[in-house]
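**Q** This is what each chain is made of:
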Amino acid sequence: MWQIQNPNTPTGQLILWMIVLGAFIMIMGLVPLLHALPPRGRRAIIVIITFITGLFFAIEFFLPINKEQKNFLTDAIQPAQQAVQVITALALALGTYGLVRLHLRNVVQQRAQWGYSLVLLISFVMMATFSITNTLSEQGLVEKTPLLEQGFKLLFDYTLVQLDAAMFSLIAFYIFSAAYRAFRIRSVEAGILMFTAIVVMIGVVPLGATISPYLPGVANWILTSLNAPVQRAIEFGVGIGGLAMAIRLWLSLERGVT
Amino acid sequence: METLWLSGLAQYQHAADNWFAAILIAVIATTVLVSIAIARSGASLYIRRIPGLDAIDEAIGRSTEMGRPVTMIPGMTAFGVVAVQALTIFKYITKQIARFATPMRLLTGDATVYAVAQEAIQDAYNEAGRPDLYDPDAIRFLSDRQFAFASGVAGLIQRERVAANFMFGEFFAESLIFAETGNIVGAIQVAGTISFTQVPFFVAACDYTIIGDEFYATSAYLSREPVLLGSLVGQDIAKLLFVLIAITGAVLTSIFGADAPVVKLLGQPGGWDAFFGGGQ
Numbered sequence: 001m002w003q004i005q006n007p008n009t010p011t012g013q014l015i016l017w018m019i020v021l022g023a024f025i026m027i028m029g030l031v032p033l034l035h036a037l038p039p040r041g042r043r044a045i046i047v048i049i050t051f052i053t054g055l056f057f058a059i060e061f062f063l064p065i066n067k068e069q070k071n072f073l074t075d076a077i078q079p080a081q082q083a084v085q086v087i088t089a090l091a092l093a094l095g096t097y098g099l100v101r102l103h104l105r106n107v108v109q110q111r112a113q114w115g116y117s118l119v120l121l122i123s124f125v126m127m128a129t130f131s132i133t134n135t136l137s138e139q140g141l142v143e144k145t146p147l148l149e150q151g152f153k154l155l156f157d158y159t160l161v162q163l164d165a166a167m168f169s170l171i172a173f174y175i176f177s178a179a180y181r182a183f184r185i186r187s188v189e190a191g192i193l194m195f196t197a198i199v200v201m202i203g204v205v206p207l208g209a210t211i212s213p214y215l216p217g218v219a220n221w222i223l224t225s226l227n228a229p230v231q232r233a234i235e236f237g238v239g240i241g242g243l244a245m246a247i248r249l250w251l252s253l254e255r256g257v258t
Numbered sequence: 001m002e003t004l005w006l007s008g009l010a011q012y013q014h015a016a017d018n019w020f021a022a023i024l025i026a027v028i029a030t031t032v033l034v035s036i037a038i039a040r041s042g043a044s045l046y047i048r049r050i051p052g053l054d055a056i057d058e059a060i061g062r063s064t065e066m067g068r069p070v071t072m073i074p075g076m077t078a079f080g081v082v083a084v085q086a087l088t089i090f091k092y093i094t095k096q097i098a099r100f101a102t103p104m105r106l107l108t109g110d111a112t113v114y115a116v117a118q119e120a121i122q123d124a125y126n127e128a129g130r131p132d133l134y135d136p137d138a139i140r141f142l143s144d145r146q147f148a149f150a151s152g153v154a155g156l157i158q159r160e161r162v163a164a165n166f167m168f169g170e171f172f173a174e175s176l177i178f179a180e181t182g183n184i185v186g187a188i189q190v191a192g193t194i195s196f197t198q199v200p201f202f203v204a205a206c207d208y209t210i211i212g213d214e215f216y217a218t219s220a221y222l223s224r225e226p227v228l229l230g231s232l233v234g235q236d237i238a239k240l241l242f243v244l245i246a247i248t249g250a251v252l253t254s255i256f257g258a259d260a261p262v263v264k265l266l267g268q269p270g271g272w273d274a275f276f277g278g279g280q
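Residue numbers (the working numbering), protein chains in the order written: chain U, 1 to 258; chain L, 1 to 280.
Worth flagging that the hints you see were computed from the coordinates, not collected in a lab.
Keep in mind the model is a prediction, meaning the values are calculated, not measured.
Warning: the hint list may mix true and false statements.
[Claimed, not checked] Partial selection, computed: residues in chain L whose CB lies under 10 Å from chain U:
{"#": "1", "residue": "Val113"}
{"#": "2", "residue": "Pro136"}
{"#": "3", "residue": "Ile184"}
{"#": "4", "residue": "Ala217"}
{"#": "5", "residue": "Ala246"}
[Stated by the list, open to error] Negatives, chain L to chain U, calculated, CB over 10 Å:
{"#": "6", "residue": "Pro51"}
{"#": "7", "residue": "Leu53"}
{"#": "8", "residue": "Glu58"}
{"#": "9", "residue": "Arg161"}
{"#": "10", "residue": "Pro200"}
{"#": "11", "residue": "Arg224"}
{"#": "12", "residue": "Ala258"}
{"#": "13", "residue": "Asp259"}
[What the hints assert, rightly or not] What the simulated footprint calls covered on chain L by chain U, stretch by stretch (three residues with Cβ under 8 Å from a Cβ of chain U suffice, anywhere in the stretch; the number is not a length):
{"#": "14", "stretch": "20 to 32"}
{"#": "15", "stretch": "81 to 95"}
Heads up, the beta-carbon is just placed ideally off N, CA and C, and yes, glycines get one too.
With the hints as extra help, turn the sequences into a complete structure.
**A** See the structure below:
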């Protein structure tokens with residue numbers, strides 16, 4: 001019931017375009033309406049939409065399912081998730097606009113360190129141009145020239161991916177400096193931490209078994225009988241906290257940012 | 001038959017898959033709502049001290065004295081309950097910042113969070129009575145690519161020599177890059193995350209770390225709003241319920257063995273089938 005049957009037929013196409021047009025008109029109408037309303041009215045609309053959306057997922061979860069693991073609402077989940085993707089795409093455009101606006105201002109007004117902003121803008125334009133053109137060429141909409149191929153490779157494979165790897169490799173050095181501070185024995189707790197860490201680190205490598213046949217077992221016991229239950233307890237707490245937060249958001253009891 | 005929307009490709013969880021878990025969810029939800037109602041009726045509720053949250057004001061004060069900015073990082077958290085909680089905390093921090101006109105930067109790697117953060121931070125300045133201090137450029141979407149975002153944050157922390165760095169949200173491998181960079185510039189750092197794999201890094205590199213569900217207690221602690229305090233009490237009762245179930249499960253498993261129907265009822269998906277003889 002949530003799907004357009006035979007969308008390639010004239011009737012299916014008509015229904016499809018009516019839905020697209022209807023959704024467009026609704027969104028275009030909703031945004032100025034929300035802006036025009038006083039805060040109380042705006043909040044009422046948001047509360048109603050939030051409640052209905054949450055109710056949809058709650059009912060879908062609790063209703064009995066058939067042999068195909070579905071109830072009459074299940075097929076509507078995917079379109080609902082696609083709507084979220086559309087909103088995310090709109091927000092991404094907003095985020096990109098904010099980023100470009102800020103750095104353009106930095107360059108135009110020659111604020112402090114405006115050179116970095118210039119590098120960002122040039123990189124942004126080049127990467128966007130080559131990425132979009134490359135995607136179009138993969139779809140056969142534009143010709144894949146050697147310049148495009150080499151340019152995309154140079155920017156993506158030989159620059160961006162390598163810069164990512166360089167940032168990731170920094171973590172190794174940071175782990176070393178952070179671990180040095182964490183393992184300095186300044187209290188009883190730090191001493192216990194240091195001792196436990198040494199047992200686990202040595203116990204899980206072949207050196208541990210060479211020193212003592214019991215060491216790998218002790219390390220494994222620390223990991224599975226001490227560490228794992230504590231992590232599960234934290235996860236339970238986080239899960240319950242998330243559930244409580246979700247309930248407050250659904251019922252608009254949360255006044256923080258809503 | 002041709003259909004426009006793909007269906008049947010994804011499997012969704014339903015209450016019927018595990019009625020025991022579904023009933024638990026309903027019980028927890030009811031407990032939280034009842035606790036909120038009790039708190040709203042004026043009951044006095046106690047919340048224990050969390051040193052990391054007491055340090056927020058101290059960190060802001062230090063930033064003000066030094067005339068350096070405060071950074072707030074919700075990480076790469078996509079918009080959801082974690083992001084809302086993080087922004088609620090940042091809104092509180094911004095209200096404090098607004099009293100002293102301390103500069104701030106909110107840096108995000110998610111565009112949806114960026115859009116909501118702009119509204120939330122503007123609201124915070126308005127509520128603090130200083131709408132003139134709101135600068136839209138202070139809220140920045142850097143990149144949705146993990147290490148591009150990490151390098152952007154690290155660069156800003158280094159260039160602006162921030163005096164206080166608050167990290168609340170969901171973090172991944174980039175957490176240590178943020179925390180160590182903050183440490184290098186001598187910033188007071190308070191981190192709170194639900195990502196327990198990142199907790200050791202924050203503990204090692206930050207001055208204060210909010211662990212696990214303390215993250216969700218933060219807004220209640222800071223605002224002392226009855227709704228949030230009540231919700232916190234409900235969460236504690238739910239945790240107690242889980243402890244009781246775990247102890248009961250351990251005792252029953254010890255007595256009857258892991259294959260007993262009553263044990264399967266507590267621990268396995270489709271628990272009711274196991275209890276009534278259907279099995280999985």
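**Q** None of the hints should be skipped; say for each whether it holds.
**A** So, going through the hints one by one against the coordinates:
| no. | hint | result |
| --- | --- | --- |
| 1 | Val113 | 8 Å, holds |
| 2 | Pro136 | 7 Å, holds |
| 3 | Ile184 | 9 Å, holds |
| 4 | Ala217 | 7 Å, holds |
| 5 | Ala246 | 9 Å, holds |
| 6 | Pro51 | 15 Å, holds |
| 7 | Leu53 | 15 Å, holds |
| 8 | Glu58 | 20 Å, holds |
| 9 | Arg161 | 13 Å, holds |
| 10 | Pro200 | 8 Å, violated |
| 11 | Arg224 | 13 Å, holds |
| 12 | Ala258 | 17 Å, holds |
| 13 | Asp259 | 22 Å, holds |
| 14 | 20 to 32 | holds (count 5) |
| 15 | 81 to 95 | holds (count 7) |
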